[in-house]
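**Student:** These protein sequences, in sequence, are chains A and B. First residue of the first sequence: 1, per the working numbering; consecutive thereafter. First residue of the second sequence: 1, per the working numbering; consecutive thereafter.
I should point out that these hints are in silico values taken from the structure, not numbers from a laboratory. All residues carry an ideal CB built from backbone N, CA and C; glycine is no exception. Just to be clear, a hint being listed does not mean it is correct.
Going by beta-carbon spacing under 7 Å, a handful of chain A positions derived as facing chain B [unchecked claim]: (1) H128; (2) Q346; (3) H349; (4) D352; (5) S359; (6) G361; (7) H368; (8) G379; (9) A382.
Distance windows between CB atoms, simulated [what the hints assert, rightly or not]: (10) A:G256 <-> B:P39: 53 to 61 Å; (11) A:L151 <-> B:I40: 22 to 30 Å; (12) A:L49 <-> B:S2: 49 to 57 Å; (13) B:F22 <-> A:D153: 33 to 41 Å; (14) B:A64 <-> A:N53: 28 to 36 Å.
Each chain is listed here by its residues.
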Amino acid sequence: MSLPFDVAAVRADFPILETEIDGRPLVYLDSGATSQKPRAVLEAEREFLEQANSAVHRGAHTLAAEATELFEDARVTVAEFVGAEPEQLVWTSGATAGLNLVAGSLGYRGDLQIREGDEIVVTEAEHHANLIPWQELAARTGARLRHIPVLEDGMLDMHAAAELIGERTKVVAFPHVSNVLGIVNPVAKLVTLARGVGALTVLDACQSAPHLHLDLPASGVDLAVFSGHKVYGPYGIGALWGRDEVLEALPPFTTGGSMITTVTLDRAEYLPPPQRFEPGTQPVSQAVALAAAVRWLGEHDLDAAHAHEAALEKRLREGLRSIDGIRLLGDTDAAERVALQAFEVQGVHAHDVGQFLDSRGVAVRVGHHCAQPLHRRFGMTASVRASAAIHTTEAEIDTLLDAVSGVRDFFGVGAAA
Amino acid sequence: MSGLESLYQELILDHAKNRRGFGLAEPGAHSATVHQRNPICGDEITLRVDVEGDRVASVTWEGAGCSISQSSASMLVALLQEDGGAEGMAKTDVEALITQFREALRSRGKIPLDEETFADAAALSGVSKYTARVKCAMLAWVALEEGLRQA
Numbered sequence: 001m002s003l004p005f006d007v008a009a010v011r012a013d014f015p016i017l018e019t020e021i022d023g024r025p026l027v028y029l030d031s032g033a034t035s036q037k038p039r040a041v042l043e044a045e046r047e048f049l050e051q052a053n054s055a056v057h058r059g060a061h062t063l064a065a066e067a068t069e070l071f072e073d074a075r076v077t078v079a080e081f082v083g084a085e086p087e088q089l090v091w092t093s094g095a096t097a098g099l100n101l102v103a104g105s106l107g108y109r110g111d112l113q114i115r116e117g118d119e120i121v122v123t124e125a126e127h128h129a130n131l132i133p134w135q136e137l138a139a140r141t142g143a144r145l146r147h148i149p150v151l152e153d154g155m156l157d158m159h160a161a162a163e164l165i166g167e168r169t170k171v172v173a174f175p176h177v178s179n180v181l182g183i184v185n186p187v188a189k190l191v192t193l194a195r196g197v198g199a200l201t202v203l204d205a206c207q208s209a210p211h212l213h214l215d216l217p218a219s220g221v222d223l224a225v226f227s228g229h230k231v232y233g234p235y236g237i238g239a240l241w242g243r244d245e246v247l248e249a250l251p252p253f254t255t256g257g258s259m260i261t262t263v264t265l266d267r268a269e270y271l272p273p274p275q276r277f278e279p280g281t282q283p284v285s286q287a288v289a290l291a292a293a294v295r296w297l298g299e300h301d302l303d304a305a306h307a308h309e310a311a312l313e314k315r316l317r318e319g320l321r322s323i324d325g326i327r328l329l330g331d332t333d334a335a336e337r338v339a340l341q342a343f344e345v346q347g348v349h350a351h352d353v354g355q356f357l358d359s360r361g362v363a364v365r366v367g368h369h370c371a372q373p374l375h376r377r378f379g380m381t382a383s384v385r386a387s388a389a390i391h392t393t394e395a396e397i398d399t400l401l402d403a404v405s406g407v408r409d410f411f412g413v414g415a416a417a
Numbered sequence: 001m002s003g004l005e006s007l008y009q010e011l012i013l014d015h016a017k018n019r020r021g022f023g024l025a026e027p028g029a030h031s032a033t034v035h036q037r038n039p040i041c042g043d044e045i046t047l048r049v050d051v052e053g054d055r056v057a058s059v060t061w062e063g064a065g066c067s068i069s070q071s072s073a074s075m076l077v078a079l080l081q082e083d084g085g086a087e088g089m090a091k092t093d094v095e096a097l098i099t100q101f102r103e104a105l106r107s108r109g110k111i112p113l114d115e116e117t118f119a120d121a122a123a124l125s126g127v128s129k130y131t132a133r134v135k136c137a138m139l140a141w142v143a144l145e146e147g148l149r150q151a
């Protein structure tokens, strides 16, 4: 199937894109924070709740069986989306929960247990969700947390990475795509370094899952997480993927019902993965709707969609570059990128920029984007971030650029300089 | 006047550029130094208040942030200096002002700040319609409130 990519048809699937902000059409450039949801996702969740809702993995009634089947079918669909087997896919409430599960479990007794003197390596470009759980793990175990620096152009300092990753390294955790820089990190190289010393690799795929074709088993990483709400799915659902032998070696992190085989008053025996990591009532309708989201995505010509987003990325970055007084974070052509760009309007605080853009109907993210260390590295506390999605048009990028061009003038900076 | 222009009145942009009371004074015998932060946007302020008896003798501050937070701090100092004169405003009056200011900003545009009472800071009335920005405007006032408790 190679139909031309039709962005108008894509947009028609998103009811929210018809919204007006103070009489102007909404230009939603905050998909990096959360994506909008196509009608198919909303309908799937509603349909499940109206026609099949019931507790899964228990009960013998018809609805219970139907709900369980839909829930497990969803797992197959979402696993396929990342090139994996369903047994390797653990439902979580989102990427944050997935990373806490991994870091938490690695602190427990087991073959992979992190101990005093071990080293955990992250990057300077982490989202707080892939940083703080490791800080906590290091603090609890006496392990040492180290980081791979980010260079001025936003790329990881791979020379430093080669130095840092050594025989004490037990975990290397990094983002597939930084949520601030939009740069695709060199996964294969980092995996090679980690494997060379027998360290586990943990990939934060939140910002790549909506934009890139993922084949997690082929990527070489050991564990990966992503959030449903950033891939056109609902809130409250995400997934942790892991290699069979790694998931098998991880002790359960949270415990309770539905993850056990036999329980006595003194002890419990656990189900194999993925159920071992899924105690309690699961977000069933959300899982079903997330499957609908990745199916919806899969109905498009993804190569064409990718080319569309690459054109948006180019237009966005080159457009911003051509405006006076704009500083881009991670401005490099040396790496593959997604259509996400953070920038600073010199002399105007990010919050004020965001307010100005909002008056033109343009929704962007302002602040530190849960990446304070990375902002500090670039000598700032906050930036503005525009992030596109499959439904973004070139005209919308132009609306943003036009609005950004007017910011310094409005706030009375730069004109005299 | 568009929504945006009523939010960013000329007076606000002026105060954000020429900040009154910017630069911390040497601490006095009865002074308190307070640090406040807006975790959402990273705006921060360090405010020092010097109290003499029941009077607020001086307020100085340092910080970085958006034009709303910066101008609000500047306008607060201007108000205290102009209305307090040489001896400074009574502590209880300052506390009452802060309460009134907070009430107006949280009113979603229902309670305007009158110029008589709030001088330049009355220009911040427009902020109350932008709930996401109320914290920006409150930052210095909350810092002063805390400082008065400590001083």
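**Student:** Does each hint fit the structure? Answer for all of them.
**Tutor:** Quick rundown of the hints versus the structure:
1. The criterion of a C-beta within 7 Å of any C-beta in chain B is not met by A:H128, whose closest approach is roughly 11 Å, and the hint is violated.
2. At about 14 Å, the closest approach between the beta carbon of A:Q346 and any beta carbon in chain B exceeds 7 Å, and the interface hint on this residue is violated.
3. Checking A:H349 against chain B: minimum C-beta separation of about 4 Å stays under 7 Å; hint holds.
4. A distance limit of 7 Å between C-beta atoms decides the matter here; for A:D352 the minimum to chain B is near 5 Å, and the interface restraint holds.
5. Because the beta carbon of A:S359 sits about 4 Å from the nearest beta carbon in chain B, less than 7 Å, this interface hint is met.
6. The interface hint given for A:G361 is broken, as the beta carbon of that residue sits about 12 Å from the closest beta carbon of chain B, more than 7 Å.
7. A distance limit of 7 Å between C-beta atoms decides the matter here; for A:H368 the minimum to chain B is near 6 Å, and the interface restraint holds.
8. Given the 7 Å rule on beta carbons, the hint for A:G379 is violated: about 12 Å separates it from the nearest Cβ of chain B.
9. The criterion of a C-beta within 7 Å of any C-beta in chain B is met by A:A382, whose closest approach is roughly 5 Å, and the hint holds.
10. For the hinted restraint 53 to 61 Å between A:G256 and B:P39, the CB-CB distance of approximately 32 Å leaves it violated.
11. The hinted window of 22 to 30 Å between A:L151 and B:I40 holds, with their beta carbons roughly 29 Å apart.
12. Between A:L49 and B:S2 the C-beta distance comes to about 43 Å, which lies outside the given range of 49 to 57 Å.
13. Checked against the hint of 33 to 41 Å, the C-beta distance between B:F22 and A:D153 comes to roughly 35 Å, which is consistent with it.
14. The supplied range of 28 to 36 Å is broken by B:A64 and A:N53, whose beta-carbon atoms lie about 50 Å from each other.
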